[in-house]
Amino acid sequence: SQTIHQWPATLVQPVGSPLSLECTVEGTSNPNLYWYRQAAGRGLQLLFYSVGIGQISSEVPQNLSASRPQDRQFILSSKKLLLSDSGFYLCAWGHGGGGEQYFGPGTRLTVT
Amino acid sequence: GIQVEQSPPDLILQEGANSTLRCNFSDSVNNLQWFHQNPWGQLINLFYIPSGTKQNGRLSATTVATERYSLLYISSSQTTDSGVYFCAVSYNNNDMRFGAGTRLTVKP
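As given, the protein sequences belong to chains S and U, one line each in that order. Taking my numbering, the leading residue of the first sequence gets 1, the next gets one more, and so forth. Taking my numbering, the leading residue of the second sequence gets 1, the next gets one more, and so forth.
One should not assume that every hint holds.
To be verified - Partner residues aside, some chain S positions facing chain U, computed with beta carbon under 8 angstroms:
#1 Gly27
#2 Asn30
#3 Gly43
#4 Leu46
#5 Lys80
#6 Ser84
#7 Phe88
#8 Leu90
#9 Glu100
#10 Tyr102
#11 Gly106
Said to hold, decoys possible - Chain S residues, not near chain U, derived (Cβ > 12 angstroms throughout):
#12 Trp7
#13 Val12
#14 Gly16
#15 Ser20
#16 Thr24
#17 Leu44
#18 Leu82
#19 Asp85
#20 Thr107
#21 Thr112
As the list claims (entries may be wrong) - Take a look, some chain U residues computed to stay more than 12 angstroms from chain S by CB distance:
#22 Gln14
#23 Thr20
#24 Trp40
#25 Gln78
#26 Arg103
Hints in this document: simulated from the structure, not taken from any laboratory. Backbone N, C-alpha and C define an ideal beta-carbon position, used for all residues, glycine too.
Looking at chain U on its own, in the form it has when it is part of the complex (with noise of 0.2 angstroms):
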């Protein structure tokens, strides 16, 4: 199956910082989707971004699916940010992997 790498495990910024969280994965996909968990486990769709850049506020995406690539961008970063930032690809939809994901923490 497609394997999904997550970079870095764990990344502590300021409030006010920006930051890059990357996503690599092995194989050709038509799905990816990037998630933030907060504290209480929920899962909150971000972006679903297949290919190609998109921005909501702070955060955006870009996807460069010919180098098997997603970069997630948090600029301005608020305590509210932190929390668990999961990359989730799949080919087909009903077989999305998720990456072990990206720990944020932002310190006041």
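Here chain S stands alone, though its shape is the one from the complex (with noise of 0.2 angstroms):
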């Protein structure tokens, strides 16, 4: 079965730090990899999603980042956090074309 996985759980990190938030996913190949925002009491935003190795696309812009190095990695990056920045990250998973998407338990980041 498939697994998703994302870490850190929690993260505070002060303004102007740089953030480095993982996800990996295990028991499929060629996945699409997304990442979402959710602020508080809010629904989520969708912020980059990727159809493979090196191919990103983002959303909106924003003082984020993206990559995805190996086939089920993806990985979420600032050079300089923002206070609102702050909020919680959600990785998801899906196969292109329609079908669900899975999401993993999130990261949740308070910038200080």
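Two chains, each in its own frame: build the complex with the hints.
Below you can see the structure in the form of structure tokens.
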């Protein structure tokens, strides 16, 4: 069966510090991968998606970037965090052309 | 992009009651999912239902794609059903849009 991992689970970082969140998927190959952010008390917003190694599409302009160095690894980064980057970050996987998306446990980021 | 509206925003029930959550969307979709977000933030897949009706235990869902809405039914609610229920839709699976959610509280 497929499993999706995210780490760390929680993170507190000062403004201006770098960020690296990691997501890995097991049990499937060539998945589409997604990063979402959820602000407190709100729905999820799609940030990035990837249909293959090195292929990244950005949905919204922001202080963040994403990379996919391996088939089942997706990384969310920032060079300098802003207060507005605080939130709950969720990684998801699915297969293109329709079908379900499955979400990881999320990383709760607080920028202070 | 596709707009997704969920209603009601908040719902408080007594244990054992039934409820209906609604999701309206603004355009044709190929993918519609219902999720339950538990208190720890985990999104749990409830239904993948771009059209038709499905049932899973006390939960069932119906999507009428031609009229651009979906309904999630919860029968005989339990305290463990509490949390936020999200509807999410997309046309090509790479542009999934979430509604703002319905926060359900089931009281014992």
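query = Would the stated hint for Glu100 (chain S) survive a check requiring a Cβ distance to chain U of less than 8 angstroms?
reply = This interface hint holds because 4 angstroms falls under the 8 angstroms limit.
- Minimum Cβ-Cβ distance from Gly16 (chain S) to chain U exceeds 12 angstroms: Since the minimum Cβ distance to chain U is about 26 angstroms, Gly16 (chain S) lies beyond 12 angstroms and the statement holds.
Review point. Is Asp85 (chain S) truly not at the interface, in the sense that its beta carbon sits beyond 12 angstroms from all beta carbons of chain U?
Key: At roughly 17 angstroms from the nearest Cβ of chain U, Asp85 (chain S) sits farther out than 12 angstroms, so the non-interface label holds.
Exclusion check [Val12 (chain S) not at the chain U interface, CB over 12 angstroms]: The claim holds: Val12 (chain S) sits with its nearest Cβ about 16 angstroms from chain U, beyond 12 angstroms.
Next item in the hint list is Gly27 (chain S). Is there a CB on chain U closer than 8 angstroms to its CB?
violated (15 angstroms)
query = Holds or violated: is there a CB of chain U closer than 8 angstroms to the CB of Asn30 (chain S)?
reply = violated (14 angstroms)
query: Taking the least C-beta to C-beta distance, is Phe88 (chain S) closer than 8 angstroms to chain U?
result: Status holds, d = 6 angstroms.
Quiz item: Taking 8 angstroms as the limit, does the beta-carbon of Leu90 (chain S) come near enough to a beta-carbon in chain U?
Solution: holds (7 angstroms)
Verify that the Cβ of Arg103 (chain U) lies farther than 12 angstroms from every Cβ atom of chain S, and report whether the claim holds or is violated.
-> violated (9 angstroms)
* Asked: Holds or violated: is the Cβ of Thr112 (chain S) farther than 12 angstroms from all Cβ atoms of chain U?
  -> The claim holds: Thr112 (chain S) sits with its nearest Cβ about 20 angstroms from chain U, beyond 12 angstroms.
Q. Minimum Cβ distance from Gly106 (chain S) to chain U below 8 angstroms?
A. Gly106 (chain S) check passes; min Cβ-Cβ to chain U is 5 angstroms, inside 8 angstroms.
inquiry  = For the restraint on Leu46 (chain S), tell me whether the closest CB of chain U is nearer than 8 angstroms.
reply    = For Leu46 (chain S), the interface hint holds, since the closest Cβ of chain U sits about 6 angstroms away, which is under 8 angstroms.
Checked against the numbered hints given earlier, the structure breaks hints 1, 2, 5, 6, 17, 20, 24 and 26 and satisfies all the rest.
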